[in-house]
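Peer 1: Each chain, written out:
Protein chains: 2
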Amino acid sequence: CDDIISPTDPYLPYDGGGDAIPLQELPKRGSNYAMSNGGGVVSSSTHLLDLLEEPIPGVGTYDDFHTIDWVREKCKDRERHRKINSKKKESAWEFTKSLYDAWSGWLVVTLTGLASGALAGVIDIAADWMNDLKEGVCLSAMWFNHEQCCWGSNETTFAERDKCPQWNSWAELILGQAEGPGSYIMNYFMYTFWALSFAFLAVCLVKVFAPYACGSGIPEIKTILSGFIIRGYLGKWTLMIKTITLVLAVASGLSLGKEGPLVHVACCCGNIFSYLFPKYSKNEAKKREVLSAASAAGVSVAFGAPIGGVLFSLEEVSYYFPLKTLWRSFFAALVAAFVLRSINPFGNSRLVLFYVEYHTPWYLFELVPFILLGVFGGLWGAFFIRANIAWCRRRKSTRFGKYPVLEVITVAAITAIVAFPNPYTRQNTSELIKELFTDCGPLESSQLCQYRSQMNGTRAYSDVSSQPSTPGVYSAMWQLCLALIFKIVMTIFTFGLKVPSGLFIPSMAIGAIAGRIVGIAVEQLAYYHHDWFLFKEWCEVGADCITPGLYAMVGAAACLGGVTRMTVSLVVIVFELTGGLEYIVPLMAAVMTSKWVGDAFGREGIYEAHIRLNGYPFLDAKEEFTHTTLAREVMRPRRSDPPLAVLTQDDLTVEELQTIISETSYNGFPVIVSKESQRLVGFALRRDITIAIENARRKQEGIMLNSRVYFTQHAPTLPADSPRPLKLRSILDMSPFTVTDHTPMEIVVDIFRKLGLRQCLVTHNGRLLGIITKKDILRHMAQMANQDPESIMFN
Amino acid sequence: CDDIISPTDPYLPYDGGGDAIPLQELPKRGSNYAMSNGGGVVSSSTHLLDLLEEPIPGVGTYDDFHTIDWVREKCKDRERHRKINSKKKESAWEFTKSLYDAWSGWLVVTLTGLASGALAGVIDIAADWMNDLKEGVCLSAMWFNHEQCCWGSNETTFAERDKCPQWNSWAELILGQAEGPGSYIMNYFMYTFWALSFAFLAVCLVKVFAPYACGSGIPEIKTILSGFIIRGYLGKWTLMIKTITLVLAVASGLSLGKEGPLVHVACCCGNIFSYLFPKYSKNEAKKREVLSAASAAGVSVAFGAPIGGVLFSLEEVSYYFPLKTLWRSFFAALVAAFVLRSINPFGNSRLVLFYVEYHTPWYLFELVPFILLGVFGGLWGAFFIRANIAWCRRRKSTRFGKYPVLEVITVAAITAIVAFPNPYTRQNTSELIKELFTDCGPLESSQLCQYRSQMNGTRAYSDVSSQPSTPGVYSAMWQLCLALIFKIVMTIFTFGLKVPSGLFIPSMAIGAIAGRIVGIAVEQLAYYHHDWFLFKEWCEVGADCITPGLYAMVGAAACLGGVTRMTVSLVVIVFELTGGLEYIVPLMAAVMTSKWVGDAFGREGIYEAHIRLNGYPFLDAKEEFTHTTLAREVMRPRRSDPPLAVLTQDDLTVEELQTIISETSYNGFPVIVSKESQRLVGFALRRDITIAIENARRKQEGIMLNSRVYFTQHAPTLPADSPRPLKLRSILDMSPFTVTDHTPMEIVVDIFRKLGLRQCLVTHNGRLLGIITKKDILRHMAQMANQDPESIMFN
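Quick mapping for you: the protein sequence lines, in order, are chains A and B. Sequential numbering from 1 applies to the first sequence in UniProt numbering. Sequential numbering from 1 applies to the second sequence in UniProt numbering.
The hints are simulated quantities; they were obtained by calculation from the structure and are not laboratory data. Note that this is a predicted model, so its numbers are computed, not measured. Among these hints, one or two may not hold up.
Said to hold, decoys possible - Have a look at the derived ranges for each label pair, beta carbon to beta carbon: (1) Ala-600/A - Lys-622/B: 37 to 43 Å; (2) Pro-278/A - Gly-602/B: 54 to 60 Å; (3) Glu-663/A - Asn-786/B: 49 to 55 Å.
Claimed, not checked - Below are the EDC-like pairs computed for lysine to aspartate or glutamate, each with C-alpha atoms no more than 20 Å apart in a straight line: (4) Lys-754/A - Glu-604/B; (5) Lys-279/A - Asp-77/B; (6) Lys-754/B - Glu-701/A; (7) Lys-622/B - Asp-77/A; (8) Lys-536/B - Asp-750/A; (9) Lys-754/B - Glu-608/A; (10) Lys-622/B - Asp-620/A; (11) Lys-324/A - Asp-641/B; (12) Lys-83/B - Glu-623/A; (13) Lys-87/A - Asp-77/A; (14) Lys-282/B - Asp-77/B; (15) Lys-754/B - Asp-77/A; (16) Lys-83/B - Asp-63/B; (17) Lys-83/B - Glu-604/A; (18) Lys-754/B - Glu-624/A; (19) Lys-83/A - Glu-604/B; (20) Lys-324/A - Glu-79/B; (21) Lys-754/A - Asp-599/B; (22) Lys-282/A - Asp-63/A; (23) Lys-396/A - Glu-608/A; (24) Lys-324/A - Asp-77/B; (25) Lys-622/A - Asp-599/B; (26) Lys-622/A - Glu-79/B; (27) Lys-324/B - Asp-77/A; (28) Lys-88/B - Asp-599/A; (29) Lys-88/A - Asp-599/B; (30) Lys-83/A - Glu-608/B; (31) Lys-754/B - Glu-623/A; (32) Lys-324/B - Asp-63/A; (33) Lys-324/A - Asp-101/B; (34) Lys-324/B - Glu-79/A; (35) Lys-324/A - Asp-531/B; (36) Lys-279/B - Glu-604/A.
Glycine is no exception: its CB is placed at the ideal position from the N, C-alpha and C atoms.
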């Protein structure tokens, strides 16, 4: 799903001066405040100014695939807020409007939470039903899944709760027989048939209706939250198609999960609801606050972890995260969690399928296998990132990527054919994780717990542990090993397909399988060697000393940590699954080891790797800039370049100005006092200049091609016969950011990150020297990391 | 505890130009990088430069009560890191050193967590023991508290577990009788005697040994974390005395808690351990990362809420909170929690005394009383802040504040005398909260649950609810009302005394009392009117429908929220106390209501109010700057002031330079090209200039009073007979931050906050106009809020 985002109208201008500045509205910062406070330099209210004060359509918006200016957006919002506040006391209507405005933040996150929770519930139920459809159908009620079908039946015992006459496998239905090789082949065929149908339908829907609906969406959401515009990425079509195809993709049995796409779905909801509130729809910075909250809601419903969701949004996704957003994210996450719990998709009044409770503590010695699991997770993460990126790059660069439908069908077919014979790969991945996490209790019927099968169900809990294994466990171990290899291989080829695909569930499944294998191994070791000094003290015969399910959970966290490099949020998410403080130390040990091992092979997580693969302009807040370059080495123009295109404040004519604009493709121009002094006055955007000249020509008399243009407060003294001059001060940004040429780039990068700048002017001893844009910085960073600087694609 | 912090050496210079800049080391930013990369302007290695490169004692440190420069500190750290990294491969020793350096962050937070947890355990146990000492003594083992004393006894039944022969009240011990008015008076007297002794000891220790140990410490820690230096505030003496006096203060029965001071204690630990690691001890910015983690550990042990502690540090205390700090804070909080749990001070294997579990759900209708509790919490918070600040201001301004010992004794005496007769005020506040939070189960012996006393203990749980109340409950209600009034009054006068005093526990107690009263009222309402349409559906007779303990918890959260204006961290802390997602919605409703109601009366929380009262230079990240002033209106010099003291880059003599320095008290001077052009070159600090001239005089031949001083790359052309010139380029900060005079102050404030600046130069059209310091901004903000700008006291 990598090559899908490219500018529909590839606006990639020559990259000299202010190329990161799309054509748009004047940055009202300097000029506007001067007007409103009256103390500063007040722009005299010329005719032109009045015209510019009218809202011009399209002004204040950004072009697609461009970077937003956080400072300007925040100023716009404060200005709007001041306006509403000052009007508040005028009338009851204005007061109501101000109340609506003040509450709109809470309203929009509430709506987002409600919608995310509801959609997550629908997706869970539908995916469950369709997944069971691959195996059979409920004759008494078509719309029941396997479990619901057998609930109503009173002919089944608890032990055989999966088998009931109402539920018919396809072989039973078509061939009329439930056993035998013929029926196995029939079931095999129907399983593959449904898997292929779902996958085909999913990829076709994505391809035809909403190409943005593919993949996990998290790399793009990270980029959008960092201040980039991708139109339609969070739109209603994407939402609709992503919801439908997510169900299909999960049901098709591909090695993917729904957690990442759920974040995308929640962000779509947030974006759509923000259009109901002008405060958010008209301000890109404010809209991103809603999206931060929405991504928290997404993780909240994906894992049933509201606090973990908030920390995920804070740690992994968000860029600008003020405290107010923290609070609203928390609220959105809670609302979403409550809605999902009311829907109760899993019938266990829990938010997730794999909620677990353990009853035994862990022992210090067990940290050794936990840390080993962490090492495994880190290695898997590093390997996966390299392999997946290599494969995705291959898909992008060769003609192979031109047949996405064929690719999906092929992967789905291989997955289905290989998966069916092995019970651990045949079942839903979430259910597999649940089975692996669950401790073997007396009522457990899983094959993994068959060493307890010789006992009856009435024995006390602590008696059922640390028993010798039966052949059933050995065969289960073999099947798990095969499942592990299968999952590892398929996940590499699946993530990046043109269907919605999350990475959390497959990663967790791989970790859980590895963890469970290690857990059973340690358990058997403890059983057969309970007189070793290691086990002697705490692991007596018949006592409950090893919990293989805990190993599975630790392994899952380690693998997820290795792939995403999340830390706190991951531990909190898993903590919310178990609810016990006890198991945080093993989790932390494993997750930290996994992160360190993974970082040794490459510091990027999978999302950052995909961002770089796609060339998004994402300035990572986590990565430190450690080089010693100075601003003068990064700024444009370089030594060999033509000089910087500048405007002088009072000696250009309209014609000269138009020539400069038409001869360059820069999106903005520094304004200086004079060519000789090079002293900086301000910054003017191309679009504003064009609009202003256009307006003046139409509305102001006497503006000709040889009219003088001035950006100063007072008109320059002109010869008597010259035509009326044109004042452009109102479109001038009089507070451009500047740094000196000796400023170390680490400080410049810090300023860009923290203030969310798009461009910054460079001066030397008060004279203008050049300009640095966000793209220049990203290119410079790519260069310093020995990467291709041209890989940064967008503005 | 408000007036205690004042500069020991009151260095409060004239406040014109760069007064926020203490005399210190050169900001190596511009100059150093120029040297290291070789591409920029390389300072020729003069003799002077070599001398300056040597570490000069005292350089790089800050004066007491001065503001740090975050940008410079971070640059220093990166420089150090680069140095270590480049040396790493030279030898095994250097490699070990680099490893130690890389791990020192984890080491220091681990040590901090261990120490905080251990100290919290010691404080808990000691406070418990001393608290019980007021009532009696354990004859079998003096060092046992009441509960431990009776554990060993096998003569007591569960119902009378508080009474055992080993435990003797003072009356029993002295008078030999346990009942009767004489023994009551004896107990009363001994209670008051011990309370007064403890309080006297506490205030004397604080006064004599560590004046910084008083108060909660959170306002000062917030200020320190925002980048201010208060020497000794987090030192070993403060730690020692605060730990001891905290125990005494809690045991004295004053209306205070140990939660805030525990944060201070944890921060002291963090500060002390950071001295073991040069990475942290020599860098003020890095040290603050450790302090952020330490404050998380402090809250973690105070409430047994590791995640809540991290969020508290993030939401309430910290200023600069990179993701790495998040992770380390989490680790420190966990380590501290585990150590505390291993110590097990409460004997319940929980981290807090008032861990609760509820068994019944809540109903939608109950949101009404919960929101009412929120309103109460907000009103109480607003009232408390006003009353307490008024009282503290009175203490500061009148001679009344000169007798702190007398004040403490008086308050302690009143508290003890009024508290003793009422069982709810006599007991430890934490225990009171525990009792109020706890639901009435069949085994509950509290007077609050006496309406169940007619039943035997074997009845099923759901039968014991919604019973008519007995006179016992009514008398309990009366006592609770009296306790509420008593707590409200005493807390106002207690917070600010010269003893360690936290606000969390008293606030929670007030809320819990109010909540429990409301809860019992609603419960009785439901019992007597169970046929009302409101209760009809879900509140049948004998069914379990109202949980008064939950009301107490909601009330506690609301009151704490009203006082501190915390939101997410507060909800998460209380969530961690109950462990159930169910009760988050009531909590959120109450906390949000409380915050909104409180904000309607004044936006400041108690900590911000105390910061303002003390005039600390704290630039709050939460408070939005909404005014429309421009940088030119805030900068110095004002119109009536003398012009800005500047240095020209190449036409001053040593004598002229010395005159400028001696005639002004500014801590730094902008360097310009020439008086005529006013173009900015850089910024030089007074201290550096002094040191450089001193050094040159000593080490360089031919430097006289009429030697020319130059900041340029090459020496100016001088007459043939002039003495050798002095090059000062190496002490010049060539990348000072600048804004234009038209920049709105909201952007300037944003820059100061996000980058942690101390000063910023103001230019107009490339010419230098003035300077804005952090103090100027704080004064301007105070002025805009109609406060006295002179209340900002320190640099």
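Peer 1: So, for every hint listed, does it hold in this structure?
Peer 2: Verification of the hints:
Range check, Ala-600/A to Lys-622/B: Cβ separation about 39 Å, and the 37 to 43 Å hint holds. Checked against the hint of 54 to 60 Å, the pair Pro-278/A and Gly-602/B fails, with Cβ atoms roughly 30 Å apart. At roughly 54 Å, the beta-carbon separation of Glu-663/A and Asn-786/B lies within the given 49 to 55 Å, and the hint holds. Distance restraint check for Lys-754/A and Glu-604/B: the Cα-Cα separation of roughly 26 Å exceeds the 20 Å cut-off, and the hinted pair is therefore not satisfied.
In summary, the hint linking Lys-279/A to Asp-77/B is not supported, as the alpha carbons are separated by about 41 Å, beyond the 20 Å threshold. Restraint check for Lys-754/B and Glu-701/A: the C-alpha separation of about 47 Å exceeds 20 Å, so the hint is violated. Between the alpha carbons of Lys-622/B and Asp-77/A the distance comes to roughly 16 Å, so the proposed pair stays at or under 20 Å and holds. Among the hinted pairs, Lys-536/B with Asp-750/A is inconsistent with the structure: their alpha-carbon atoms are about 61 Å apart, more than 20 Å.
The hinted pair formed by Lys-754/B and Glu-608/A fails the criterion: a straight-line CA distance of about 25 Å is larger than 20 Å. This hinted pair does not check out: Lys-622/B and Asp-620/A have alpha carbons roughly 24 Å apart, beyond 20 Å. Distance hint between Lys-324/A and Asp-641/B is unfulfilled; the C-alpha atoms sit about 40 Å from each other, more than 20 Å. About 19 Å separates the Cα atoms of Lys-83/B and Glu-623/A, which keeps this hinted pair within 20 Å; it holds.
Taking the CA atoms of Lys-87/A and Asp-77/A, the gap is about 15 Å. The hint holds against a cut of 20 Å. Between the alpha carbons of Lys-282/B and Asp-77/B the distance comes to roughly 9 Å, so the proposed pair stays at or under 20 Å and holds. With a CA separation close to 19 Å, the supplied pair Lys-754/B and Asp-77/A stays within the 20 Å bound. For the hint linking Lys-83/B to Asp-63/B, the alpha-carbon distance of about 27 Å lies beyond 20 Å, and the restraint is violated.
For the proposed pair Lys-83/B and Glu-604/A, the alpha carbon gap of about 24 Å is over 20 Å, so the pair is violated. Proposed proximity of Lys-754/B and Glu-624/A is supported: the alpha carbons are some 17 Å apart, at most 20 Å. The hinted pair formed by Lys-83/A and Glu-604/B fails the criterion: a straight-line CA distance of about 24 Å is larger than 20 Å. Of the pairs offered as hints, the one joining Lys-324/A and Glu-79/B is violated, with about 35 Å between alpha carbons and a cut-off of 20 Å exceeded.
Distance hint between Lys-754/A and Asp-599/B is unfulfilled; the C-alpha atoms sit about 28 Å from each other, more than 20 Å. Between Lys-282/A and Asp-63/A the alpha-carbon distance is near 14 Å, which keeps this suggested pair within the 20 Å criterion. With a C-alpha separation of about 17 Å, the suggested pair Lys-396/A and Glu-608/A falls inside the 20 Å cut-off, and the hint holds. For the proposed pair Lys-324/A and Asp-77/B, the alpha carbon gap of about 31 Å is over 20 Å, so the pair is violated.
Restraint check for Lys-622/A and Asp-599/B: the C-alpha separation of about 34 Å exceeds 20 Å, so the hint is violated. Restraint check: the Cα-Cα separation between Lys-622/A and Glu-79/B comes to about 18 Å, which is no more than 20 Å; the hinted pair holds. At roughly 31 Å between alpha-carbon atoms, Lys-324/B and Asp-77/A are farther apart than 20 Å, so this suggested pair is violated. Distance restraint check for Lys-88/B and Asp-599/A: the Cα-Cα separation of roughly 19 Å lies within the 20 Å cut-off, and the hinted pair is therefore satisfied.
The suggested pairing of Lys-88/A with Asp-599/B holds, with an alpha-carbon distance near 19 Å, which does not exceed 20 Å. At most 20 Å may separate the alpha-carbon atoms for a hinted pair to count; Lys-83/A and Glu-608/B exceed this at roughly 28 Å. A threshold of 20 Å between alpha carbons decides the hint, and for Lys-754/B with Glu-623/A the separation of about 18 Å falls inside it, so the pair holds. A threshold of 20 Å between alpha carbons decides the hint, and for Lys-324/B with Asp-63/A the separation of about 35 Å lies outside it, so the pair is violated.
For the proposed pair Lys-324/A and Asp-101/B, the alpha carbon gap of about 36 Å is over 20 Å, so the pair is violated. With a C-alpha separation of about 35 Å, the suggested pair Lys-324/B and Glu-79/A falls outside the 20 Å cut-off, and the hint is violated. Annotation: proposed proximity of Lys-324/A to Asp-531/B is violated, straight-line Cα distance about 43 Å (limit 20 Å). For a cut-off of 20 Å, the pair hint linking Lys-279/B to Glu-604/A is broken: about 26 Å separates their Cα positions.
In this structure, the earlier hints numbered 2, 4, 5, 6, 8, 9, 10, 11, 16, 17, 19, 20, 21, 24, 25, 27, 30, 32, 33, 34, 35 and 36 are contradicted, and the remaining ones agree with it.
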